[in-house]
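Colleague: What follows is the residue order along each chain.
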Amino acid sequence: MPSIKSRQNTGLHIPDPICRPGDEPDFSGLIIPEAGSVPRPNFDAEEQTLRSLPYGLIRTLDDKGEAKGDWQPNASLESLIIALKTMLLNRAFDAAMFAAQRQGKTSFFMKTSGEEALGAVPSLALRKDDMCFPTYRMVGWLLARGYPIIDLINQIYNNAEDPLKGRQLPILYSAREYGFYSLSGNVGSRIGHGVGWAMAKAYRGLDSLAMAVIGEGTTAEGDYHEALTFASVYKAPVILCVTNNQWAISTFSGIAGAEETTFAAQALGYGIPGLRVDGNDTLAVWSVLEWAAKRARAGLGATLIEFFTYRAEGHSTSDDPTKYRPKDEPTIWPLGDPVNRLKQYLTNQSAWDEKRHQEAISQAKLKVKKAAKAAEDIGILGTSKSDIEEMFKHVFEEPDWRIKEQVKEVGI
Amino acid sequence: MPSMNMIQALNSALDVMLERDPDVLIFGEDVGYFGGVFRVTDKLQQKHGLHRCFDAPISEGGIVSTAIGMGAEGLRPVVEIQFADYILPAYDQLVSEAARLRYRSGGDFTAPITVRSPYGGGIYGGQTHSQSPEAIFAHITGLKTVIPATPYDAKGLLISAIECNDPVIFLEPKRIYNGPFDGHHDRPLKSWKEHPQADVPEGHYIVPLGKSRVVREGSDVTVLAYGTMVYVAEAAISETSIDAELIDLRSIVPLDIDAIVTSVKKTGRCVIVHEASKFGGFGGELTALIEERCFYYLEAPTQRVAGWDTPYPHAFEWDYFPKPSRIVDALEKAIRV
Ligand SMILES: Cc1ncc(C[n+]2csc(CCOP(=O)(O)OP(=O)(O)O)c2C)c(N)n1
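These protein sequence lines are chains F and C, in that order.
Numbering of the first sequence is given in the working numbering, commencing with residue 1 and proceeding in unit increments.
Numbering of the second sequence is given in the working numbering, commencing with residue 1 and proceeding in unit increments.
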């Protein structure tokens, strides 16, 4: 039997990030092209002509907040202001709910920090009849469409007014009317539903589409590769998105394959366009979604988009990111902060200023505070919940004898 | 002997096996540098090297299928599935591959893998961090399914599982990682300190697979339980004047059928307790075995206390989780006849 020592010199490659706690954070290895340097092809370009896109990085906003190049969205300044306000609302919401979890008002919460553009922008860029198959970091989609904040908080508190009646873990919302598919705790398993939904729309001859999102860590699941296959085979009108925020809990993106290639480049193997885009650049994000949506609605099939971003805080209320990555890493992320970058752009356009920004922050906080207070008046986890019958509802359309007997046994 | 909680005991088992056997290696989501979301692999990478305990892509199917390939080659991989709820993407690999590799190749290839996974409720984990999937493994011949209930057993059973030449599903009752939990969620938390079963030897020892443990001897009724429910049942028994014999099954495959039959023949009555939903649950198999083997000794129908036949509902944690009072009712029913 070989000694343990000799096994330590094995040829097996195990990816390991260059920085861990105690190290100087280092992003010097990232190649960040100039804003505006990637040309925008026609939306109906042949896939063969698009094969360099997955290795580039589509950026529109430069360091000074100027919009460069031809990935410019067809979005008015007013709608960009709505996007900015939504991101600020998202931030206020996250801060309040994280604190609420710490105060014991609920069991669990996850923030969106650093990725706010990726909930708000698609919600505004896509149509009301499109369906989003979101990740748990996309509450911005709902906020942008005016979903009542109090209902989000009622769900998080699982109180008597929880729209999901206490059956689901906090933040795993479902809102069909708002184009937001039911979330679940198991990652990745809805991406194929997005493809199927899109196939259904095509089958009906409609031009609405689906957007299905997955974290970069979760691209390792078979579901993702199955979804890509079906999307490609049936030219489904779906936009498949990978949110590459560099971290999957404590695991860096190298463990998901990022040492070897880009996530966008996985599109090449399936023969669909792959776009890699600066996820903290609202204009670029908006623009690539428009491009992919136009293509899908024209019957030209699916696009894979990698949103290159950074998870600026912990994975959830259950972890401490300083245990696995350098403390200062978030602050030196070279692609900046989506809110600051959009603010800078809008200010340059004379559509926004510091005073309006501060007002928007105060308004966002106030809105959340009011909703949180109203939700708390109804109750928090452990002090208020739906009727116990709700535990037994919706297992089937009609309960069978087991459920009926058990309802009796509980003594309802 | 050092007092360990269940996490420390499991960590110690892994540490001992990494030290003893160069063919043992560990991988799974977040198990490397970070040491796992429940810290079971804490410091093992730092101590034994990057190649012995490392992070895996988020792909339960990939984790199990590569473990099977390594096992077939001769390694002894111990993989972690972050929550038992997330084992399902690997189910095909476990059922169609790990469980049958030995059989279909006539022993030419085997899968000596251990799949560790925290399971069970009582932690406000909602639908996807609370489930008890033991029955779907018990149903598959070729898989062993082990569930420890004490730090001492956790270590000894895990070492047995790793040394076992067959695939073992090792389900860890996460609610009792840090202390025994008797189902009274409104009472102060208990820790493992002072608990006799938390005396865990430092080095190598085993608890054999398929040997149950009598937690409490008694003559009125046999209570069969495993995992967290051992403590809930113990509390329930202590709240009655019934002299119940409580058996911790420790593993459901292999099952200690002799101990079960001997006890039920002695008491003539049986109550089975598990967290998993009732219909098609492992309690059904136990009930059938008892009926087949102890029919003429039975004084009363066997009672099952289990989760309701619904998904695990977040806000209704303590309505769903089988509580001591439900076990008390079942005990009373069992001895009434
Ligand atoms: C099927 C499944 N496996 C494992 C988990 C545990 N888990 C929850 S989130 C997560 C990390 C996901 O990382 P990523 O996809 O990169 O998304 P991010 O959290 O970074 O947004 C893991 C492993 C899960 N929820 N579901």
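Hints in this document: simulated from the structure, not taken from any laboratory.
Remember, predicted model here, so these are calculated numbers, not experimental data.
C-beta atoms are modelled at their ideal positions from N, C-alpha and C, and glycine is treated no differently.
Check before you lean on any hint, since a few could be wrong.
What the hints assert, rightly or not - Capping the alpha-carbon separation at 30 Å, the derived lysine-lysine pairs in DSSO-like fashion look like this:
| # | chain 1 | residue 1 | chain 2 | residue 2 |
| --- | --- | --- | --- | --- |
| 1 | C | 47 | F | 404 |
| 2 | F | 323 | C | 333 |
| 3 | C | 43 | F | 404 |
| 4 | F | 404 | C | 278 |
| 5 | F | 327 | C | 43 |
| 6 | F | 408 | C | 190 |
| 7 | C | 278 | F | 323 |
| 8 | F | 393 | C | 278 |
| 9 | C | 47 | F | 323 |
| 10 | C | 47 | F | 393 |
Said to hold, decoys possible - Ranges between beta-carbon positions, derived for each pair:
| # | chain 1 | residue 1 | chain 2 | residue 2 | range |
| --- | --- | --- | --- | --- | --- |
| 11 | C | 69 | F | 261 | 56 to 64 Å |
| 12 | C | 69 | F | 22 | 43 to 51 Å |
| 13 | C | 266 | F | 409 | 27 to 35 Å |
| 14 | C | 262 | F | 182 | 32 to 40 Å |
| 15 | F | 64 | C | 21 | 41 to 49 Å |
Colleague: State for each hint whether it applies.
Modeller: Consistency of the hints with the structure:
A threshold of 30 Å between alpha carbons decides the hint, and for residue 47(C) with residue 404(F) the separation of about 54 Å lies outside it, so the pair is violated. A C-alpha spacing of about 51 Å is found between residue 323(F) and residue 333(C), which places the hinted pair above 30 Å, so the restraint is violated. Note on residue 43(C) and residue 404(F): the hinted pairing is violated, with a Cα-Cα distance of about 50 Å set against a maximum of 30 Å. A hinted pair counts as satisfied when its Cα atoms are at most 30 Å apart, and residue 404(F) with residue 278(C) qualifies at roughly 14 Å.
At roughly 20 Å between alpha-carbon atoms, residue 327(F) and residue 43(C) fall within 30 Å of each other, so this suggested pair holds. For the proposed pair residue 408(F) and residue 190(C), the alpha carbon gap of about 33 Å is over 30 Å, so the pair is violated. Distance restraint check for residue 278(C) and residue 323(F): the Cα-Cα separation of roughly 40 Å exceeds the 30 Å cut-off, and the hinted pair is therefore not satisfied. Pair hint residue 393(F) plus residue 278(C) holds up; C-alpha atoms about 17 Å apart against a cutoff of 30 Å.
For the hint pairing residue 47(C) with residue 323(F), the CA-to-CA distance comes to about 17 Å; that is within 30 Å, so the pair holds. This hinted pair does not check out: residue 47(C) and residue 393(F) have alpha carbons roughly 50 Å apart, beyond 30 Å. Roughly 23 Å separates the CB atoms of residue 69(C) and residue 261(F), a value that falls outside the hinted 56 to 64 Å. For the pair residue 69(C) and residue 22(F), the supplied restraint of 43 to 51 Å is violated, since their beta-carbon distance comes to about 36 Å.
Look at residue 266(C) against residue 409(F): about 29 Å separates their beta carbons, and that is inside 27 to 35 Å. The given range of 32 to 40 Å is broken by residue 262(C) and residue 182(F), whose C-beta atoms sit roughly 49 Å from each other. As the Cβ distance of residue 64(F) to residue 21(C) is approximately 60 Å, the hint placing it in 41 to 49 Å is violated.
The structure shown violates the earlier hints numbered 1, 2, 3, 6, 7, 10, 11, 12, 14, 15.
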